[in-house]
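Trainee: Note that the protein sequences, when read in sequence, are chains X and D. Every letter in the first sequence is one number past the one before it in my numbering, and letter 343, counting from 1, is 343. Each position in the second sequence, counted from 1, maps to that position plus 1000 in my numbering.
Wrong hints could be hidden among the right ones.
Non-contacting residues of chain X with respect to chain D, defined by C-beta distances greater than 12 Å in every case (computed) [said to hold, decoys possible]: (1) Gln52; (2) Glu87; (3) Ala152; (4) Asp153; (5) Leu172.
With a straight-line Cα cutoff of 27 Å, these simulated DSSO-like cross-link-like pairs (lysine-lysine) come out [to be verified]: (6) X/Lys123 / X/Lys67; (7) D/Lys1038 / X/Lys341; (8) X/Lys341 / D/Lys1144.
Now the in silico label distances, taken between C-beta atoms and shown as ranges [as the list claims (entries may be wrong)]: (9) D/Asp1089 / X/Phe297: 47 to 55 Å; (10) X/Leu7 / D/Arg1024: 40 to 48 Å; (11) D/Ser1055 / X/Leu16: 37 to 45 Å; (12) X/Arg328 / D/Gly1128: 23 to 31 Å; (13) D/Val1072 / X/Ile296: 58 to 66 Å; (14) D/Arg1154 / X/Arg328: 20 to 28 Å; (15) D/Arg1205 / X/Leu16: 38 to 46 Å; (16) D/Ser1055 / X/Leu310: 51 to 59 Å; (17) X/Leu310 / D/Met1136: 44 to 52 Å; (18) D/Asp1089 / X/Tyr406: 21 to 29 Å; (19) X/Tyr406 / D/Arg1205: 47 to 55 Å; (20) X/Leu7 / D/Gly1030: 40 to 48 Å.
These are computed hints drawn from the structure, not numbers from a lab. From the three backbone atoms N, C-alpha and C, an ideal C-beta is built for every residue, glycine too.
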Amino acid sequence: MSVTDLLILAFHNLMLHKVRSLLTSLGIIFGVGSVIAMMAISEGAKHEALRQIEAMGVDRIILSSRKPPQTGQEATESGNSRNTYLEYGLTHEDLAAILRMDNVLSIESARNTRSVVLSGVTKLDVSLLGVSDGFLDASRSRITEGRWFSPADRNQAVCVLGVDAKRALFPLSRKSVVGCTIPVGRHVFEVVGVLENSKGSVIPGIGSPNSAIFIPEKTSDGLFAGVSVEKLSARGRALSFVDFDTLLVRVADVAYIDHTARRISGYLRKVHREKRDWEIFVPLEILRQREQTQNIFTIVMSSIAGISLLVGGIGIMNIMLANVYERRKEIGTRRALGAQKSDVIWQFLTETVFLTSAGGAAGVLLGYGIAEAVSAFASWPVLFSTDAVLLSLIISAVTGIVFGTYPAWKAAQQNPIDVLRSE
Amino acid sequence: MSTGQETGSGEIEGSPALILRDIRKSYRTGSGELPVLKGISFTVGRGEFLGIMGSSGSGKSTLLNVLGLLDVPTSGEYILSGRTTSRLDDRELTVLRNRRIGFIFQSFHLFPHLTVRQNIEVPMIYAGKKPAYRRMVAARMAEKVGLSHRLDHRPTQLSGGECQRVAVARSMVNHPAFLLADEPTGNLDEKTGTDIMDLFHRLHRSGATIVMVTHNPQYENQFDRTIWLRNGLIERETRP
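Please put together the full structure from these sequences, using the hints given.
Mentor: Next up, the structure:
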C-alpha cells in the first residue's frame, strides 16, 4: 500500500466523523496551543530582559552610589534652621584606585546634580547629569542632532539633551534645538546636541540616558561643587555630597570580568567599611543568572507540555481503541481482501498521526492567537520562535505514533473470520 | 499434477483450481477437542461451478474459512493453484488470498464511504497496483457486472442487487483462481437473487471457477456439481 493511498484513506476515514476527529484532537490542540503561547510569552520576556542587560554592555561592571540608611548624619544648627549633611557614595579616590587595577581599561563617570528642571512652573522628570567625556560611548548612546562635548567645552555652560528630555523641554519644536538655551536654577545652558539610546538602557544610579540632560563633568563640579540639595524646608536644608552616582568600568578581557568585579567589591568593602553606600552590577553575571532561571523555567514548561500531551495522547488512544472496535467489520473485510497486518497497522497509525499532527498545527495557530491577544491586552512582549513551532509539530506527530501504535496493533489482530460469518 | 507446467502466475497449466485432501479441523473447548471437519477431500476443476450445501452445524462455515485461507486446518492438505498452503505463514496466506481468491460475502461488505469505483479498487491497492491501472480495471469490471453507470455512486445509493454486483466486480479484479461466494443471494429477494445467479452463470460460461456455499437447495440444479456436508463429512455429491 503506497503512502499516497494511506494518506487518502486516513483523510477519508477522519472526514467521515468530522466532529469526533475534532473532539479527539482537542487535547493536543489545547496542549500545543498553551505551550506555544507560554513559550512566546516567556521568549518575549526573556528577549526583553536580555536586550536590556545587553544594552548595558557585557564588558562592563557598573558601580552605583546608594544612599545609606539615615545614620551617621552630621547636623549643624544655627538659630531655628537645622541643616543636615550627608556624604556618601563613590569617591574620586575610589575611581583612581579602581582605574589602577588589572584588567580595568577605562572608567566613565556620571553624577546627578539633583537639580530641579522646570518647564514653566512644571517640574520635569528629567535629571541633570555631569558626565565624563567618554560617557556617550560608554552608555551606548548616539548623537542624533548637533554634537557631543569637546575638550573645549570643559567648564562651559553647554548641555546635550536626551531625546525624551528634549521632548519634555521643547514639546512643540519640530526643528533642531541646537543653539537653544535652557535655564536650570540660576544657570543657563546652551544646547549643543541631542543623544538617543535606542536600546532603552536603564543605568543603575542614573536611569535612562534618554531622559537626562548632560553637562560636562568640569562644568558640573564648578557650578554645583559636588553638593546636591536633597530637600529644602522651612526648618533647614538636607544636603548630600556625592562624588559619583555611577561609574561605568570597562574591562579589557571579559573572561576575567568576575575576578575583576570581586576585586572591586573587595576594595570597596575595605574602604567603605560598614557604610553600605555602593552597589555593583555585572551585566554578564545577571545575564548568566537569567539564563539559568530561564533554563529552570524551560524545564518546568516542558514538564507541563509533556503532561498535557500525555493527557491528550491518552485521550486519543482511548478514542482510537473504541474506533478499532467499531470498525472491526471494515478491518476484517480488508484483511479478507488481502490487507496485510502491516497494512492495517499503517492505516490506523497514519490516521492517528494525521489527527495529532493536524491537532498540533491547529494548536500552533491557537497558541499564536492567545499570545497575540495577551500581547495586545497586557502589552507584554511576545516572541515566536520557529524552533518552538517545529518542535511542537514534531512532538504532536510523535505523540500520534506513541499513542496510536497500540490501537493500530490491536486492529491488526482482528480475525477476518469474524466478518465471514453470515449475519 | 504430474503433467503440470508452471505459468507466470505460479499456476500449473491444466491442474485443478484447488485440491483438498483429508482436511480436518477441530476446536479446543472447555470439555476437550470438538471436531468440526472430519476428513474432507475433493477437487475443484478449473472452470467448474461447485456448490457446497449443508444444514447449519454441518461444518459449512469452517470449510468456507479453510477454503478462503482465513483459517488453517488442524491436519490435511489444501493445494491452491498448485501450491500447498499448510506451511505458509500469515503474510504469505494473505498474499495468496489477495491474488488467488475472490471473496463474495452474504452482506456484501462494501465500504460505505467509498464510491463504487473505489470499492472495486480495494484488492488492487493491496496488490500494489498503480492508480491508473486500478481505475482502468475497475471500470472494466463494473462494465462486466453491468454497473458502468454507477461508478461514482456510493453503496448507500445502490440497491442490494447492485451492491452484490459491486462485490462480484471487486472479487475479480486480481484475476483469482476461483471466486468464493458465501450465500451471495442470502440477503436478496428472490428476483434479485435470480439476477445474481444469472451473473454467476455468465461468469462461469466465460471461464471463471466458482465455489458457492449456500443452504438454498433450489440452486442445486444450477451447479456443475454439489457437495453435501453433514456432521463435518461429505455426505454425497450430486450432479444435475
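Trainee: Decide, hint by hint, whether the structure agrees.
Mentor: Status of each hint after checking the structure:
With a minimum CB-CB distance of about 58 Å to chain D, X/Gln52 clears the 12 Å threshold, and the non-interface call stands. The beta carbon of X/Glu87 is kept farther than 12 Å from every beta carbon of chain D, the shortest such distance being approximately 88 Å. At roughly 86 Å from the closest C-beta of chain D, the C-beta of X/Ala152 stays outside 12 Å, upholding its exclusion from the interface. Distance check for X/Asp153 against chain D: the nearest CB is about 83 Å away, which clears 12 Å, and the non-interface claim stands.
For X/Leu172, the non-interface assignment is confirmed: its Cβ lies about 72 Å from the closest Cβ of chain D, beyond the 12 Å cut-off. Only pairs whose Cα atoms come within 27 Å are accepted, and X/Lys123 paired with X/Lys67 is accepted, the gap being roughly 23 Å. For the proposed pair D/Lys1038 and X/Lys341, the alpha carbon gap of about 30 Å is over 27 Å, so the pair is violated. In summary, the hint linking X/Lys341 to D/Lys1144 is not supported, as the alpha carbons are separated by about 31 Å, beyond the 27 Å threshold.
Checked against the hint of 47 to 55 Å, the pair D/Asp1089 and X/Phe297 passes, with Cβ atoms roughly 53 Å apart. Between X/Leu7 and D/Arg1024 the beta carbon distance is about 45 Å. The supplied range of 40 to 48 Å therefore holds. Evaluation of the 37 to 45 Å hint for D/Ser1055 and X/Leu16 yields a pass: the beta carbon distance comes to about 40 Å. Checked against the hint of 23 to 31 Å, the C-beta distance between X/Arg328 and D/Gly1128 comes to roughly 25 Å, which is consistent with it.
Distance hint check: the CB atoms of D/Val1072 and X/Ile296 are about 60 Å apart, consistent with the given range 58 to 66 Å. At about 21 Å, the CB distance of D/Arg1154 to X/Arg328 agrees with the hint of 20 to 28 Å. Look at D/Arg1205 against X/Leu16: about 40 Å separates their beta carbons, and that is inside 38 to 46 Å. About 55 Å separates the C-beta atoms of D/Ser1055 and X/Leu310, a value consistent with the hinted range of 51 to 59 Å.
Between X/Leu310 and D/Met1136 the beta carbons are some 48 Å apart, a value that agrees with the proposed interval 44 to 52 Å. Range check, D/Asp1089 to X/Tyr406: Cβ separation about 23 Å, and the 21 to 29 Å hint holds. Taking 47 to 55 Å as the suggested C-beta distance range, the pair X/Tyr406 and D/Arg1205 conforms, at roughly 50 Å. Between X/Leu7 and D/Gly1030 the beta carbon distance is about 46 Å. The supplied range of 40 to 48 Å therefore holds.
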